[in-house]
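*Asks:* Spelled out, the chains give:
Protein chains: 2
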Amino acid sequence: MSEPLEELLGALSRLPGIGRRSAERIAFFLLAKPGEGKRLAEALAGLDRIGRCPQCGNFASDGLCSICRDPKRDGATLCVVARPWEIPHLERTGEYRGRYHVLGGLVSPSQDIGPEDLAVAGLVERVKAEGVREVILALEPKLEGDLTAMHLLRVLKPLGIAVSQLAHGIPVGRDLESADELTLGRALKGRTPL
Amino acid sequence: MSEPLEELLGALSRLPGIGRRSAERIAFFLLAKPGEGKRLAEALAGLDRIGRCPQCGNFASDGLCSICRDPKRDGATLCVVARPWEIPHLERTGEYRGRYHVLGGLVSPSQDIGPEDLAVAGLVERVKAEGVREVILALEPKLEGDLTAMHLLRVLKPLGIAVSQLAHGIPVGRDLESADELTLGRALKGRTPL
Ligand SMILES: [Zn+2]
Ligand SMILES: [Zn+2]
Numbered sequence: 001m002s003e004p005l006e007e008l009l010g011a012l013s014r015l016p017g018i019g020r021r022s023a024e025r026i027a028f029f030l031l032a033k034p035g036e037g038k039r040l041a042e043a044l045a046g047l048d049r050i051g052r053c054p055q056c057g058n059f060a061s062d063g064l065c066s067i068c069r070d071p072k073r074d075g076a077t078l079c080v081v082a083r084p085w086e087i088p089h090l091e092r093t094g095e096y097r098g099r100y101h102v103l104g105g106l107v108s109p110s111q112d113i114g115p116e117d118l119a120v121a122g123l124v125e126r127v128k129a130e131g132v133r134e135v136i137l138a139l140e141p142k143l144e145g146d147l148t149a150m151h152l153l154r155v156l157k158p159l160g161i162a163v164s165q166l167a168h169g170i171p172v173g174r175d176l177e178s179a180d181e182l183t184l185g186r187a188l189k190g191r192t193p194l
Numbered sequence: 001m002s003e004p005l006e007e008l009l010g011a012l013s014r015l016p017g018i019g020r021r022s023a024e025r026i027a028f029f030l031l032a033k034p035g036e037g038k039r040l041a042e043a044l045a046g047l048d049r050i051g052r053c054p055q056c057g058n059f060a061s062d063g064l065c066s067i068c069r070d071p072k073r074d075g076a077t078l079c080v081v082a083r084p085w086e087i088p089h090l091e092r093t094g095e096y097r098g099r100y101h102v103l104g105g106l107v108s109p110s111q112d113i114g115p116e117d118l119a120v121a122g123l124v125e126r127v128k129a130e131g132v133r134e135v136i137l138a139l140e141p142k143l144e145g146d147l148t149a150m151h152l153l154r155v156l157k158p159l160g161i162a163v164s165q166l167a168h169g170i171p172v173g174r175d176l177e178s179a180d181e182l183t184l185g186r187a188l189k190g191r192t193p194l
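Which chain is which? The protein sequence lines are A and B, in order. Here the first sequence is numbered in the UniProt record's numbering, starting from 1 and rising by one per residue. Here the second sequence is numbered in the UniProt record's numbering, starting from 1 and rising by one per residue.
Calculated directly from the structure, the hints in this document are not laboratory data.
With a cut-off of at most 16 Å between alpha-carbon atoms, the simulated EDC-like pairs for lysine to aspartate or glutamate come out as follows:
1) A/K72 / A/E95
2) A/K157 / A/E125
3) A/K38 / B/E42
4) B/K72 / B/E95
5) A/K33 / B/D48
6) B/K38 / A/D48
7) A/K38 / B/D48
8) B/K189 / B/D146
9) A/K142 / A/E181
10) B/K33 / A/D48
11) B/K38 / A/E42
12) A/K72 / A/E91
13) B/K157 / B/E125
14) A/K157 / A/E134
15) B/K142 / B/D180
16) B/K142 / B/E181
17) A/K142 / A/D180
18) B/K72 / B/E91
Residues from chain B that face chain A, not an exhaustive set, calculated with beta carbons under 7 Å:
19) P4
20) E7
21) R14
22) L15
23) P16
24) R25
25) I26
26) F28
27) A41
28) G46
29) I50
30) F59
31) S61
32) W85
33) P88
Label pairs and their in silico Cβ distance ranges:
34) B/S108 / A/G185: 58 to 64 Å
35) B/G104 / A/S13: 24 to 30 Å
36) B/G190 / A/E91: 51 to 57 Å
37) B/F29 / A/R69: 24 to 30 Å
38) A/E6 / B/R83: 17 to 23 Å
39) A/S13 / B/G63: 22 to 28 Å
40) A/R83 / B/R49: 35 to 41 Å
For each residue, glycine too, the CB sits at the ideal point set by N, CA and C.
Use the sequences and the hints to build the structure in full.
*Replies:* Written out as structure tokens, the structure reads:
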């Protein structure tokens with residue numbers, strides 16, 4: 001195998017979810033369609049231009065992100081996430097029309113990350129400045145997410161706004177046995193009246 | 001989402017086996033580790049330097065491919081494949097120490113591809129010039145592979161060399177029921193004495 005091909009296979013194999021076989025499949029596709037390789041290389045060159053939205057912390061390349069810029073999004077609702085890459089998952093549901101706020105992480109005693117290391121002050125400021133009436137916490141249902149939620153509840157409640165969190169429960173279309181105990185516990189606590 | 005990020009997600013999603021979610025996973029990995037994006041971009045730039053081995057048709061960047069250059073490979077055995085990307089699969093078995101010959105395709109009446117469109121003359125020439133004693137046909141066990149194999153057998157047999165093909169049969173570790181009829185038929189025909 002040629003050296004540049006080995007380099008390409010090596011670089012592809014380092015990507016998450018890409019094993020040696022997937023790397024080969026992609027490399028041979030790119031060899032067969034040179035235009036696709038050029039397109040990808042140009043897109044990679046654009047990585048340098050991807051920064052953060054100064055308002056919400058989402059990925060953005062020039063000033064505000066597309067969600068903060070969109071006048072049709074409901075400015076009275078903020079969904080709080082730990083990382084910007086969680087936003088596309090929530091967007092895909094098609095259920096949410098508010099804006100976001102990226103904390104930049106979660107409270108973690110073991111990693112010595114406290115609320116002061118997260119974009120909490122900015123969140124409080126936005127709630128006051130933007131007339132936010134509800135904050136939805138979309139944080140992972142584990143220790144760090146819970147600690148973060150507790151802290152946020154403490155600072156947000158005095159502002160007189162609604163604070164909610166995503167419902168946890170049995171994944172849609174899955175049976176009870178397939179849910180782990182933690183999920184099942186959450187599903188019980190969060191049971192909805194019929 | 002920012003425009004350069006959308007472009008990157010678009011370019012990644014066009015790769016085989018990469019859906020929108022995998023593209024996001026990869027893009028966010030590259031955003032977190034800019035060095036990996038640079039490495040991949042550089043590797044993609046090397047695509048232009050990947051050509052074909054003038055002897056066997058394998059991918060090569062400068063003259064002969066690494067297999068043709070390797071003096072430890074057995075020059076008396078040639079394995080014939082349709083496409084260069086089939087070579088790594090065979091190499092991975094660790095069972096083969098000979099060299100390769102890439103046909104560039106398969107005989108296909110429906111696509112109007114005849115033996116004259118494939119690197120058959122070059123194969124005959126190599127058998128004569130390189131003292132080849134066995135040619136192994138590693139062609140797909142379908143109509144086109146079989147037509148190609150029949151033609152190759154016709155031109156190679158008169159040279160007084162052994163011609164063989166890969167054994168077909170039940171995949172290792174799979175049960176009989178999981179094999180399709182074609183495979184099962186091949187397994188029956190190619191049964192080995194115990
Ligand atoms: Zn934003
Ligand atoms: Zn070669």
